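**Q** Line by line, the protein sequences are chains A and B. The opening position of the first sequence corresponds to residue 1 in my numbering, with each subsequent residue numbered one higher. The opening position of the second sequence corresponds to residue 192 in my numbering, with each subsequent residue numbered one higher.
These are computed hints drawn from the structure, not numbers from a lab. Be a bit skeptical, because a hint or two may be false.
[To be verified] Where chain A lies over chain B, by a calculated footprint (3+ residues, C-beta under 8 Å):
{"no.": "1", "segment": "221–235"}
{"no.": "2", "segment": "297–310"}
{"no.": "3", "segment": "375–385"}
{"no.": "4", "segment": "411–424"}
{"no.": "5", "segment": "446–454"}
{"no.": "6", "segment": "475–489"}
A quick note: this is a predicted structure, and the numbers were derived from the prediction, not measured. Glycine included, C-beta positions come from ideal geometry on N, C-alpha and C.
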Amino acid sequence: MEENKTKKISRLEFLKNTGRGIFLAVLGAAGGAALARSKKSSAVWQIDPAKCTQCGRCATECVLRISAVKCVHNFSICGYCNLCFGFFQAGQRDLNSGGENQLCPTGAIKRKFVEEPYYEYTIKEKLCVGCGKCVSGCTAFGNGSLQLQVRHDRCKNCNECLIASACPANAFVRIPAASPYITKEGNENKL
Amino acid sequence: MKINYKRLFIASIFLCLALGAVFAEYKFPPPEFESNYSLPVMQRPPARAEILAYLDIFILLAVILLSAWASLKKRSRNIIMLLSLFSLLYFGFYKEGCICPIGAVQDAALALSSPGYYMPFTAVLIFIIPLAASLFAGRAYCGGACPHGALQDLLLIKELKIPRWLDRSLSLFAYIYLGLAVLFAVTGSTFLICKYDPFVPFFRLTGPFSMLVTGGIFLVLSLFIGRPYCRFICPYGALLKPLSLVSRNKVTVTPDKCIVCRLCEDSCPFGAINKPEKPEKRNIKKGALPAILFISGLLAGVILGNYTGAFCSAYNKEVGLAVEIHAYYEEGPGPGGISDEVKVYLDSGESPELLFTRAEALKNKFKKGGSLLGLWIMFVLGLQLLYASRKPKREIYEPDGARCLSCGRCFMDCPVERQEQLKRDGQRNVK
Numbered sequence: 001m002e003e004n005k006t007k008k009i010s011r012l013e014f015l016k017n018t019g020r021g022i023f024l025a026v027l028g029a030a031g032g033a034a035l036a037r038s039k040k041s042s043a044v045w046q047i048d049p050a051k052c053t054q055c056g057r058c059a060t061e062c063v064l065r066i067s068a069v070k071c072v073h074n075f076s077i078c079g080y081c082n083l084c085f086g087f088f089q090a091g092q093r094d095l096n097s098g099g100e101n102q103l104c105p106t107g108a109i110k111r112k113f114v115e116e117p118y119y120e121y122t123i124k125e126k127l128c129v130g131c132g133k134c135v136s137g138c139t140a141f142g143n144g145s146l147q148l149q150v151r152h153d154r155c156k157n158c159n160e161c162l163i164a165s166a167c168p169a170n171a172f173v174r175i176p177a178a179s180p181y182i183t184k185e186g187n188e189n190k191l
Numbered sequence: 192m193k194i195n196y197k198r199l200f201i202a203s204i205f206l207c208l209a210l211g212a213v214f215a216e217y218k219f220p221p222p223e224f225e226s227n228y229s230l231p232v233m234q235r236p237p238a239r240a241e242i243l244a245y246l247d248i249f250i251l252l253a254v255i256l257l258s259a260w261a262s263l264k265k266r267s268r269n270i271i272m273l274l275s276l277f278s279l280l281y282f283g284f285y286k287e288g289c290i291c292p293i294g295a296v297q298d299a300a301l302a303l304s305s306p307g308y309y310m311p312f313t314a315v316l317i318f319i320i321p322l323a324a325s326l327f328a329g330r331a332y333c334g335g336a337c338p339h340g341a342l343q344d345l346l347l348i349k350e351l352k353i354p355r356w357l358d359r360s361l362s363l364f365a366y367i368y369l370g371l372a373v374l375f376a377v378t379g380s381t382f383l384i385c386k387y388d389p390f391v392p393f394f395r396l397t398g399p400f401s402m403l404v405t406g407g408i409f410l411v412l413s414l415f416i417g418r419p420y421c422r423f424i425c426p427y428g429a430l431l432k433p434l435s436l437v438s439r440n441k442v443t444v445t446p447d448k449c450i451v452c453r454l455c456e457d458s459c460p461f462g463a464i465n466k467p468e469k470p471e472k473r474n475i476k477k478g479a480l481p482a483i484l485f486i487s488g489l490l491a492g493v494i495l496g497n498y499t500g501a502f503c504s505a506y507n508k509e510v511g512l513a514v515e516i517h518a519y520y521e522e523g524p525g526p527g528g529i530s531d532e533v534k535v536y537l538d539s540g541e542s543p544e545l546l547f548t549r550a551e552a553l554k555n556k557f558k559k560g561g562s563l564l565g566l567w568i569m570f571v572l573g574l575q576l577l578y579a580s581r582k583p584k585r586e587i588y589e590p591d592g593a594r595c596l597s598c599g600r601c602f603m604d605c606p607v608e609r610q611e612q613l614k615r616d617g618q619r620n621v622k
């Protein structure tokens with residue numbers, strides 16, 4: 001007789017409670033598994049310069065109209081060459097910063113005399129579109145001190161990077177946000 | 192002291208070799224400047240601070256809780272509207288849409304299927320919190336915290352009623368989209384939901400042309416149709432629907448007893464208010480026909496899904512590369528030269544057999560996934576038909592458990608609510 005006194009619940013209510021229990025269990029299991037596999041630090045996209053082939057898609061595939069990828073200059077491994085293959089077009093007339101001699105389509109590289117025979121090259125990031133032409137020249141014939149990198153003051157950190165899915169060399173990787181750049185001389189911060 | 196010249200010579204050779212190794216990396220060794228030139232440092236603008244990701248989660252949680260409180264307890268459309276405006280500004284225009292729970296579905300699917308995938312802790316929480324909340328408070332996330340929903344909700348000016356059958360049929364697409372997105376995510380092909388998201392380009396005020404066009408279409412549609420993306424497309428909504436159906440607490444039209452005045456019927460722009468119904472006496476025909484139809488539907492889904500999967504696999508990068516490499520070895524380079532992908536692959540020097548086996552495995556994964564997708568679609572279709580054909584006894588007007596987006600529009604149309612409000616105002620005046 002005791003049992004009749006317990007609160008009666010309708011069949012619908014019972015089904016709902018069961019359903020909620022099942023969903024909670026599934027959600028808990030899936031969430032727990034995902035949490036166990038998740039990484040503590042948040043992630044950002046970056047280009048691994050060792051894999052990059054300078055195909056030029058960074059300039060065109062980004063969701064931003066002017067790509068978040070820019071050429072950056074790693075001064076510490078630059079040869080400061082007079083004849084810079086990142087700066088001068090093949091078959092240049094003179095070794096000066098005349099527009100007809102420059103490789104960069106937007107004139108984003110500044111050439112400055114330091115001392116015989118060394119010249120300093122600086123990227124004007126505002127003008128750079130990330131086409132990678134200079135990077136290609138520097139990597140092929142020089143030290144490779146010019147490299148393409150995702151600039152995190154511009155990058156929207158999309159869930160799926162459109163450049164990454166278009167990259168022919170799979171050079172886009174996710175790395176911890178705490179050390180968000182990969183330089184050529186030390187790739188210690190790769191995943 | 193006798194100097195061992197031989198040993199010194201050998202040592203110096205080793206020293207030279209070691210020095211050479213250091214500089215051999217560089218064709219032009221970095222110079223040692225004589226003038227006092229200081230080496231500039233490579234600029235590294237930092238990424239968004241880690242703590243901000245946790246702040247986002249906190250804000251998401253707070254907005255969901257507030258939205259649940261506003262829709263269940265306080266019953267105020269104004270508060271929900273303010274919340275959704277805040278979400279539009281913060282999650283939409285400030286955070287620019289990424290990462291949101293809708294897209295996190297794919298991260299979660301990928302993280303669960305391939306352990307190496309980088310899914311940050313915060314992304315898991317963003318995926319889980321709205322789902323868990325919907326088990327207890329209905330779709331509070333959709334009502335107040337989703338920037339996509341808020342954008343469409345605030346744009347709705349002239350509402351066109353969609354017939355119920357069309358609304359219910361179109362909303363099936365969300366389940367198909369969810370299945371497709373998971374299939375493409377777990378095979379590592381692409382994130383469909385993010386790639387074709389219509390609103391993120393508007394939050395960013397820039398984007399690829401195709402995204403802007405689909406976004407424009409959805410924005411124009413949402414002027415006349417209540418939340419078209421939420422109702423018919425949103426794959427996260429497809430997850431939230433069954434969860435909120437069994438939610439512990441539900442939004443009700445009236446705060447007290449429904450007087451069946453029919454005034455709320457037109458207030459919902461999403462067709463989510465169910466009318467009172469009397470169960471009719473139906474002649475139930477006995478027979479196994481529905482069961483046979485259902486099972487054969489499932490089978491057809493599996494078979495069709497298998498073919499669809501094989502077809503979809505062409506969109507995978509690796510499979511596409513394998514096809515290109517195969518064509519390259521069979522016919523040589525085409526008239527347009529070889530693509531960047533082929534060039535990179537040929538330079539890597541890997542045996543193409545390895546690539547072909549990988550692509551074959553992927554294709555099989557696609558076929559298997561496609562079969563499951565077909566099964567899923569037919570299962571949902573069957574369930575939906577069952578759900579639609581059932582005629583429950585209902586005496587009052589109440590929001591549909593799955594479809595109600597917790598927007599709070601119906602509250603103000605209820606005369607009981609108004610009366611209560613008048614009473615409350617009266618009490619306040621007396622005080």
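**Q** Take the hints in turn and mark each one as holding or not.
**A** The hints, checked one at a time:
| no. | hint | in the structure |
| --- | --- | --- |
| 1 | 221–235 | holds (count 12) |
| 2 | 297–310 | holds (count 9) |
| 3 | 375–385 | holds (count 3) |
| 4 | 411–424 | violated (count 0) |
| 5 | 446–454 | violated (count 0) |
| 6 | 475–489 | violated (count 0) |
Figure legend: structure checked against the earlier numbered hints; hints not met, in rising order: 4, 5, 6.
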